[in-house]
Amino acid sequence: MSSKQRLVVGVSGATGAIYARRLLERLQEHGGVETHLVISPPGVLTIKHELGMSRSEFSRLADHVHSFRDVGATLASGSFETLGMVVAPCSVRTLAAVAHGFSDNLITRAADVTLKERRRLVLMLRETPFTLAHLRNMTAVTEMGGVIFPPLPAFYLHPQSIQDMVDHTVARVLDLFGLKVPSPRWEGMEPGAV
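Number 117 in numbering that gives the first Met the number 0 belongs to position 118 of the sequence shown; there are no gaps in the numbering.
Heads up, some of the hints might be wrong.
Below are the EDC-like pairs computed for lysine to aspartate or glutamate, each with C-alpha atoms no more than 20 Å apart in a straight line [claimed, not checked]: (1) K179 to E189; (2) K115 to E80; (3) K3 to E24.
Since the hints were derived computationally from the structure, they do not count as laboratory data.
Assemble the whole structure, with the sequences as input and the hints as a guide.
So this is what it looks like as structure tokens:
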């Protein structure tokens, strides 16, 4: 068994594959976490379209890759110990499945296991505007202990690029798991600025 802590990373078909890529890169740099990746078929399409990467190229960013349809994988059991799970990006279809306990693929089953074991589940939800169904599903996941984390940029840090915004968001997500990576932090306004 690995001495490293484990983190599950799910990639659904919503826009924002750059967040998953950077999350996996930062975890490689961190070095203390074993990553377990699951990509949905729409996620593969989004990775190709947004990042210009093949499934195999993207998969090399993770320590272990699991089939989306393999609901018998290690991730499907609470006895497989992890820090938790991030779905980056998270589609509203995946949100709805998690909110209602539909464990019909390995992403939603692993999310369900994460919640039932009272581990940290972070859904980087990518949708706007929200319907009432989206809001109710976000409430349901939150009531079960999940964290809804839309990847919104922090303009107060004066980002100079998309990469700056992505890096800060990924660092904030990793903070939720107690994993610290270098990132600008809010240090307050200069005295007399207000």
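Hints and how they fare:
no.: 1; hint: K179 to E189; verdict: violated (26 Å)
no.: 2; hint: K115 to E80; verdict: holds (12 Å)
no.: 3; hint: K3 to E24; verdict: holds (16 Å)
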